Amino acid sequence: MADELLIRNGVVYDPINGVKGEKKDICIRDGKVVDSVTNPKVIDAEGRVVMPGGVDIHAHIAGGKVNAGRIMRPEDERKGVEPKTKVCRAQSGYSVPNTFATGYRYARMGYTFVMEAAMPPLAARHTHEEMIDIPILDNAALPLIDNNWMTMEYVKSGDMDLLAAYMAWIIKATKGFGVKIVNPGGTEAWAWGKNCDLNDSVPYFDVTPAEIIKGLAVANEKFDMPHSIHVHTNMLGHPGNFEVTKDTYDLVKGVKASKDRQVIHTTHTQFHSYGGTNWGNFESKADAIADYINQNDHATIDIGSVILGDTTTMTADGPMEYSLYQITGRKWTNHDVELETGSGITPFLYSGKVSVHTIQWAIGQELALLVKDPWKVALTTDHPNAGPFIGYPIIISHLMSKKRRDESAEDMHKAIFDRAALPSIDREYDLNEIAIITRGMTAKALGLHEHGKGHLGVGADADVAIYDMSPEERDAGKIQKAFLNTKYTIKAGEIVVKDGEVVATPPGRTIFVTPECDDKLTDEMMVTLKDKFAKYYSVTLNNYPVQDAYLPNPYEIKAPWRS
Amino acid sequence: MQTITLKLKEAVRSGIAAVPVEVDALTPDQLFGKNEAELKAVKVWWGNREENTGDLFDVSVEGDAGNAEEVKIVFEGDLTRVKRIGDGMKAGEIEARGDVDMRCGAMMEGGKIVVKGNANCWAGREMRGGELIIEGDAEDNLCAMYRGEDKGMTGGKVTVNGNAGELVGQYMAGGEILIKGNADRLAGLNMRGGKITIESDAQWPGSDMTGGEIVVKGETEMTPSFKFVETATVDGVEYKKYLGDLAMGEKKAKGTLHVK
Amino acid sequence: MVEITDVVCSLCGCVCDDIVLEVENNKVVKVKRGACSVGKSKLLGHERIKSPMIRENGELKECSYDEAIKKSAEILYKSRRPLLYGWSSTVCEADKVGVELTEDLGAVMDNTASVCHGPSVLAIQDVGLPSCTLGEVKNRADLVIYWGANPAQAHANHMKRYSYVSKGYWTAEGKKGKKLVVVDVRKTMTAKMADVFVQVEQGQDYPVFSALRAILQGHEDVVPDKVGGVPKEQLLELANMVKEAKFVMTFFGMGVTHTGARHNNIVNAIQFTRAAHLHTKASIMPLRGHYNVAGINQVCTWETGFPFAIEMARGYAWYNPGELSATDLLYRGDCDAAMIIASDPGAHFPGESLKHLAKIPVIQIDPYANPTTEFADVVIPVAVSGIEAEGNVYRMDNIPIRLRKILDTDYLPDEEILERILTEVRALREKEGE
Ligand code: SF4
Ligand SMILES: [Zn+2]
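Protein chains in written order, with this note's numbering: chain A, 1 to 563; chain B, 1 to 260; chain C, 1 to 434.
Hints listed in this document are in silico derivations from the structure and should not be mistaken for laboratory results. Bear in mind that the values here come from a model prediction, so they are computed numbers and not experimental data. Among the hints, erroneous ones may be present.
With a straight-line Cα cutoff of 20 Å, these simulated EDC-like cross-link-like pairs (lysine to aspartate or glutamate) come out [what the hints assert, rightly or not]:
hint : chain 1 : residue 1 : chain 2 : residue 2
1    : A       : K86       : C       : D104
2    : A       : K20       : A       : D3
3    : B       : K254      : C       : E220
4    : C       : K179      : C       : E220
5    : B       : K227      : C       : E220
6    : B       : K151      : A       : E75
7    : B       : K9        : B       : D58
8    : C       : K40       : C       : E62
Residues from chain B that face chain A, not an exhaustive set, calculated with beta carbons under 7 Å [said to hold, decoys possible]:
hint : residue
9    : R147
10   : G148
11   : E149
Glycine residues also receive a C-beta, built at the ideal position from the N, C-alpha and C atoms.
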């Protein structure tokens, strides 16, 4: 007998299909949304908010640097301990939860897909090993392709086809999803203790970060890639960096997308929307970034909104983490990866009593509120950099309630009133817009709406979140509570959360992209790559690609060559 | 005043192994208001199983208490494998008649613990308030932080009549520790506040300290990164006063070390 | 005869992966390239435990896998505080089942890190670890420091493949363009190759690091004439070498993790590396012993939040080395059963700890007989990971590499044995109706 489920009478928000809060039934059979069902188990969602499963476009949940964060912080791990239950494994951690807690806590918020935002190619197996251990969530990972020597050499020689061949090879070898760029050139420079601004020359490589970004955007669009380049721009966290961010958008303005989507997604844009010239005159430039996004259609952003409190910062941007550690003097881990990338990790406390943190806190929300079209903006905290993902409901409640924002601002540093715009913004998000920035937009920007994610149309994955709130609810506290623990979360047609408790833990799938590159080009590229392995890598070429064993539940997306 | 006497049954210690009993559930604030039957039914962890207090201890109760402050718990019997005595305790008094196992008085917030013997490692770990008196020796990590934390003891008072092991008061941020005997290596490591007094000898005290004060009255083997400031008098006795630890860089070297 | 390339050695933390060997009739007949002598010897094969065994009346008697697994499950299920120890010489897939078994039993789980680089982990938890992959060292390092480590003897391929002797992008000249400093209590084989040898008094590494840090921080004035037996001039010389180098790499070994201030030596070594960053680029890395000791730390951390020395009696992990390390537990007589997998405490633990091991029921899971077998009540032989079974391991720089299966075998892999024990334990619980 077919496995059927009927979600009856919920108030459905399915923005991709233009459904804005309509009372509607959702029919499910064998893990997919269907037209009708015959003998279903019925869930009564009368008067409750129903949305597609959440799709997180950017979080650090698995891999070497996440785990280095855990190893380094037993004090964080002990904060989130919960004993095993009949269905759940033991949980640990607050800002860097263990793999099991990661799956459970996302599912409890109604999320069913998370993109691991930075996978060092040489350590890709590690990312996949952890993703296997994250229950419930479908997942994918973005390999870092920008500080790679191969990339920089092809950018320098100007051979975009060979660059595309290398990009394709790396994505295939790592079972990755797309192109991640993190402080291009800067991380290579950091291997010598230096950093790079957008137009600086990368030491020894004679290319600029600007050229790398442009080159990879061009290479990416040579294929039908579901996602655009995904960029953590240069100079993260530096006062005045908003100019760098805008210049980065301009770099790729002329590049034509191979599909109906953006050509660049900049991530945790909060960290890249800073004005001023030092920490003393530091100010929000979210308005300038939002203006740019409003006036142009080739770029999307996620906000990287700050959650006040202690967290663990971690990024492939090694020099940034070093500067942060220099400010705090706290523990600091760094891990440079040969020929490819690096990473840094340091704990950080965001305090509402500190002017800079307060302004940062405002900027993330300003970006969401000042960008007019919610299809251009995604909700993230760059988990765990600006705060752990379990803070999403806090941000949702702020975006939906001006009153809530004013109350929060009252307790914070006064700088929020003269060096940020947030207190002067009246806009409040409605539930449809929340559904856009947490599932519709993110699925589209990742191209996953074509693969059943982020919507509830017939044929979609039966990933559904039912929130225990009425669409009329205006109380920010109640909204926050409802978004933290669903009434039901359904994953591929199976009830995984009920009344805020995890009741089933099926394994998630790993979605990977196969860019299809011409054999001749690949062969030519391989000559150079083989030489790199023979001389400079510390592993052999044959032991490098991720074996099939690391993807027990694979889902492949083919990306044909376009030009 | 109420006295609850908990005597560990010999049977608990008679197996092939000495599996520790953890008594963090048996503090005055948690036991206040319970009658004898209820006391005996309080669950404590013994290895991977929870047992009734009454099955592991002989329980007797004398007198009445109007609040937790008036509750005194006396632990008797072989306590060398009884862990977490007074862990997280907020009020009242505990007397442990013998050597106690690890984490005695850890996370303590208030009240008083007297150990009539030696205390194993991590006594007073992350202590916040109250008083802990150890009449014998204290092993390593007395009043230290938990692994990875950058704050250890923040308040309260601890006295050790005997010697203390390594890493006394690591990352200490407040409160007072008095060691009447010697302190092994690295007392006050990473200390940032509060005061440690060592009446006998110490090796490498105050390394990486950024605040607080350490006084060593006996012999001191110093690390090489402290700066001599002046000769100073503390409680009528002359000491050499050093500032440090300069290994942390000048800006942070705000700790004071008084040695003979 | 077939030649197999890219074979990965499953012996030490170097995890060399470019080994070429020849196989004939399901036997390695020749190791042609890539392996050092100990690696070679492992690949060529040693005598194996023939069959599962259970001890009866003091004698180990051969039995079936089923019987041995059942007996193991009974021992573990009955135990009030089982210790599951070892884990560093098997693959991550097995380690994962180990964590699940630990959770299911409410057991204590510890790995060999607690007797080798556990102190390094504790240090990382205090100050972090500025480090890099071994390829970075090979391509960039122009100053290599070995502190309390003697790779010339203990990690034969280390210097050749990854550090002082290797050639890379900016180090095409190999050792010609580099400087080697060795700090140790005696003039080891490695020290004999060094440009500068710094001889520290036993147990005095800690103040030497403090002095170097003070110098790098600009406070050489407070440093006395001699620290830990090292003259101040030599400390100044070393600090200058650090300042002048472009990429400083420090490797440290057990000579510094287990003497004097122990894990705080490593805290100080890392602090020294942090201070070096005021002048140049610097990294530091423990020279790890067993091929997958880094891996069990990784697995244990992403699954429980903590790298080793955990207890799950209450259904969640409590972490505290010094309280929950295998040596502590055995020394104190705190556990009433033990499962030893892929390690040999019988050869490496102090006598006092072994006395307790002799008292309690012990299960051993290993391809080879070793001194621990003497203590075992149940012995379960397994396939050799990296030769007869595949799986993931982490090199000492935390790079994941997949071990290959080269030969066929009837021995079951660790993972399967553990899964079957777990299934049996669950069946016992079901039967008891808990
Ligand atoms: S150095 Fe280690 S990994 Fe390499 S061959 Fe020798 S034993 Fe094996
Ligand atoms: Zn990120």
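To see whether the hints hold, each was checked on the structure:
1. For the proposed pair A/K86 and C/D104, the alpha carbon gap of about 11 Å is at most 20 Å, so the pair holds.
2. Straight-line distance between C-alpha atoms of A/K20 and A/D3 comes to about 28 Å, which puts the hinted pair past the 20 Å bound.
3. Only pairs whose Cα atoms come within 20 Å are accepted, and B/K254 paired with C/E220 is accepted, the gap being roughly 18 Å.
4. For the proposed pair C/K179 and C/E220, the alpha carbon gap of about 23 Å is over 20 Å, so the pair is violated.
5. Proximity of B/K227 to C/E220 is assessed by CA-CA distance (about 11 Å); at most 20 Å being required, the pair is judged to hold.
6. For the hint pairing B/K151 with A/E75, the CA-to-CA distance comes to about 10 Å; that is within 20 Å, so the pair holds.
7. A hinted pair counts as satisfied when its Cα atoms are at most 20 Å apart, and B/K9 with B/D58 qualifies at roughly 6 Å.
8. Distance restraint check for C/K40 and C/E62: the Cα-Cα separation of roughly 30 Å exceeds the 20 Å cut-off, and the hinted pair is therefore not satisfied.
9. Restraint check, B/R147 versus chain A: the minimum CB separation of about 4 Å is within 7 Å; hint holds.
10. This hint holds: B/G148 has a C-beta 4 Å from the nearest C-beta of chain A, less than the 7 Å allowed.
11. About 4 Å separates the beta-carbon of B/E149 from the nearest beta-carbon of chain A, less than 7 Å, and the hint is met.
The structure does not agree with the numbered hints 2, 4 and 8 stated previously, though it agrees with the rest.
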